[in-house]
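Asker: Chain residues, written in single-letter form:
2 protein chains.
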Amino acid sequence: MSSIGIVSPQTMAFAEPLQLQSGATLRDYHLMVETYGTLNADRSNAVLVCHALNASHHVAGYYADDPKNVGWWDNMVGPGKPLDTDKFFVIGVNNLGSCFGSTGPMHVNPATGKPYGAAFPVVTVEDWVNAQARVADRLGIAQFAAVMGGSLGGMQALAWSIMYPERLRHCVVIASTPKLSAQNIAFNDVARQAILTDPDYRGGDFYEHGVVPKNGLKVARMIGHITYLSDDDMAEKFGRKLRDMAESGSYKFGYGIDFEIESYLRYQGDKFSEYFDANTYLLITKALDYFDPARLHDGDLAKALAVTKAKFFLASFTTDWRFSPERSREIVQALLSNRREVTYAEIDAPHGHDAFLLDDSRYLNLVRAYYEQVWQELAKEGA
Amino acid sequence: MSSIGIVSPQTMAFAEPLQLQSGATLRDYHLMVETYGTLNADRSNAVLVCHALNASHHVAGYYADDPKNVGWWDNMVGPGKPLDTDKFFVIGVNNLGSCFGSTGPMHVNPATGKPYGAAFPVVTVEDWVNAQARVADRLGIAQFAAVMGGSLGGMQALAWSIMYPERLRHCVVIASTPKLSAQNIAFNDVARQAILTDPDYRGGDFYEHGVVPKNGLKVARMIGHITYLSDDDMAEKFGRKLRDMAESGSYKFGYGIDFEIESYLRYQGDKFSEYFDANTYLLITKALDYFDPARLHDGDLAKALAVTKAKFFLASFTTDWRFSPERSREIVQALLSNRREVTYAEIDAPHGHDAFLLDDSRYLNLVRAYYEQVWQELAKEGA
Chain H
1 MSSIGIVSPQ
11 TMAFAEPLQL
21 QSGATLRDYH
31 LMVETYGTLN
41 ADRSNAVLVC
51 HALNASHHVA
61 GYYADDPKNV
71 GWWDNMVGPG
81 KPLDTDKFFV
91 IGVNNLGSCF
101 GSTGPMHVNP
111 ATGKPYGAAF
121 PVVTVEDWVN
131 AQARVADRLG
141 IAQFAAVMGG
151 SLGGMQALAW
161 SIMYPERLRH
171 CVVIASTPKL
181 SAQNIAFNDV
191 ARQAILTDPD
201 YRGGDFYEHG
211 VVPKNGLKVA
221 RMIGHITYLS
231 DDDMAEKFGR
241 KLRDMAESGS
251 YKFGYGIDFE
261 IESYLRYQGD
271 KFSEYFDANT
281 YLLITKALDY
291 FDPARLHDGD
301 LAKALAVTKA
311 KFFLASFTTD
321 WRFSPERSRE
331 IVQALLSNRR
341 EVTYAEIDAP
351 HGHDAFLLDD
361 SRYLNLVRAY
371 YEQVWQELAK
381 EGA
Chain Y
1 MSSIGIVSPQ
11 TMAFAEPLQL
21 QSGATLRDYH
31 LMVETYGTLN
41 ADRSNAVLVC
51 HALNASHHVA
61 GYYADDPKNV
71 GWWDNMVGPG
81 KPLDTDKFFV
91 IGVNNLGSCF
101 GSTGPMHVNP
111 ATGKPYGAAF
121 PVVTVEDWVN
131 AQARVADRLG
141 IAQFAAVMGG
151 SLGGMQALAW
161 SIMYPERLRH
171 CVVIASTPKL
181 SAQNIAFNDV
191 ARQAILTDPD
201 YRGGDFYEHG
211 VVPKNGLKVA
221 RMIGHITYLS
231 DDDMAEKFGR
241 KLRDMAESGS
251 YKFGYGIDFE
261 IESYLRYQGD
271 KFSEYFDANT
281 YLLITKALDY
291 FDPARLHDGD
301 LAKALAVTKA
311 KFFLASFTTD
321 WRFSPERSRE
331 IVQALLSNRR
341 EVTYAEIDAP
351 HGHDAFLLDD
361 SRYLNLVRAY
371 YEQVWQELAK
381 EGA
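Quick mapping for you: the protein sequence lines, in order, are chains H and Y.
Following UniProt numbering, the numbering of the first sequence begins with 1 at its first residue and continues without gaps.
Following UniProt numbering, the numbering of the second sequence begins with 1 at its first residue and continues without gaps.
Source of the hints: derived by calculation from the structure; they are not laboratory data.
Here the structure is a predicted model, which is why all the values come from computation and not from measurement.
Please note: incorrect hints may appear among the correct ones.
Which residues of chain Y face chain H? A partial, calculated answer using Cβ under 8 Å [said to hold, decoys possible]:
#1 V122
#2 L196
#3 G239
#4 R240
Even glycine gets a Cβ: it sits at the ideal position worked out from N, Cα and C.
Produce the complete structure using the sequences and hints provided.
Answerer: Quick look at the structure:
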């Protein structure tokens, strides 16, 4: 299996205002988009891949001037890969409010001439889906072969099936949930507090002051990172290993680093704080918290999913304690009660929530088999 | 059942230097101590109760000038309560380095004439046990009827059974663990990072600057608090309830509080940051991280526990994901392989780690029955 190779993002500008769920309106905006493979003549082979918290439109391949910057789902998307770009036309879209090129908090607010900062409107999963629908319009895609995503990306796929039931044949929802639990929201709120109380956050206007709330972002990322890994996986990878065993063989009796897990997490936190935008972090965690399609149906998810027309593929991972298999099963139950066609796989994998991004042959082969079916279905209809 | 009523703490000063595990020495120090009930003539009915992260010597009863300040284990300790002060003489000791009166980071370092701050030596569970042993000496107690604790307090009880096997007849270890996991350490380290990077921490010397790293402490406490509650319990108590439903019935689309769980956790964090010391938080989380009696025995807990002579009572709670029942079972297994007498209860309780402090009749009745046995044993020997 080879990578899709060199890819290039493109900017799509939208002049028509976007009405947001909050009541606010985005006057105009642009989105970063990346595509892989070729759209067929009847425009039926497009698959939209939706990203999670810290990912982007850069789903697969690498950039000519930055060959180490490989797309976040390069093991999933490419020629001969589970989502095969020799067959499908795959689209990655950086969501509004993100910090990888699409209009977001660090861009200039046309109303003030200064960066939006915390004044960038809080967007929701549904707002993202509406913005993605315009990308589909622009590309002339009336119906996706599939909309697919993991985690927060899976929420977008699910929202697509509700908001635009005619516009996707298949909905692929990996390691996701129909809504956050109180514990999920709690972790998000602690992360937000760490950012909001960092003096360098400056009420969200840190851009103008030439500072970045790195400490807050670091703590936020460390918290997040713990929830992405499984307890068992952490135990196996790090356990209670000391970082500098050779040096002392003992504890340091200070507040620096004793254990490898500390070193690993702080390093991850530092790295993240150097490339991720604090306002984006706040905004995306709120989008996660707010997602709850059953909310307008008295909490009845089956009612919320009654309008769907797609076929569904769901997968969850046994050691994922962020969005446990039970949450995926809730979606499956609600779909089955609506007599939707559902394929569901509960993968026995040790890597927690992160498993959806990793190489697990059972998981990847199941997705491959599902897309093979999608492809044969398309071929049959085209014939 | 009535409370023990009005109680008074006492200060015990120790002039003999205390050698610490880190290699440092505490030249002199004092400990806050509280006792309940009456020491019998042969001094055989004493029970030492060890405290966890944010508790103190104030185990039961209340203060004459502060009747709302009820001891942290008042439902466990008192006349007619599971640990019955009509029978037992119960001792609470505030650990060294804590912030409730015993010598700690906010006290004056005799070497510099200024508050210790971050220069207060990092103490370990074993150091605390050595300091507690001197309290026993001072009170003329050669052997405790029992040493008891929950969580970090349970670690102290376990350390007692290893370090002073002749000095306790029973060892009562509730909701504890023989060592922290990588995930436990990770949560502690994020909490420490939040404090250490708060500009008001000032390298630990915030006392002199008249500031307190409240934001860091708040975030640290919020993280800790999430790990003390079970996912299910949070779901039941808070779920996705909005705080101001009546006001708007909708999301606020900002970075303030939407959900009740956010309101609850921020409130708990704020409250904690007003009374707890930041250096103590760092120090106590390090004591937690370092505890690992098997470490000097190639990780073999059974070897570490081979020297013990006590009888053991252990209890764990099914929904405790901080120190899960599995961790208690490790201790039980290691004890059984040494042919120690062990009573173990796995309590089906919804409240997570916090369950060890709450009223659960099955749990409290088991502890009561165990102490009844301890009492009868003492009576038989005394006869």
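Asker: Of the numbered hints stated earlier in the document, which are not met by this structure?
Answerer: none
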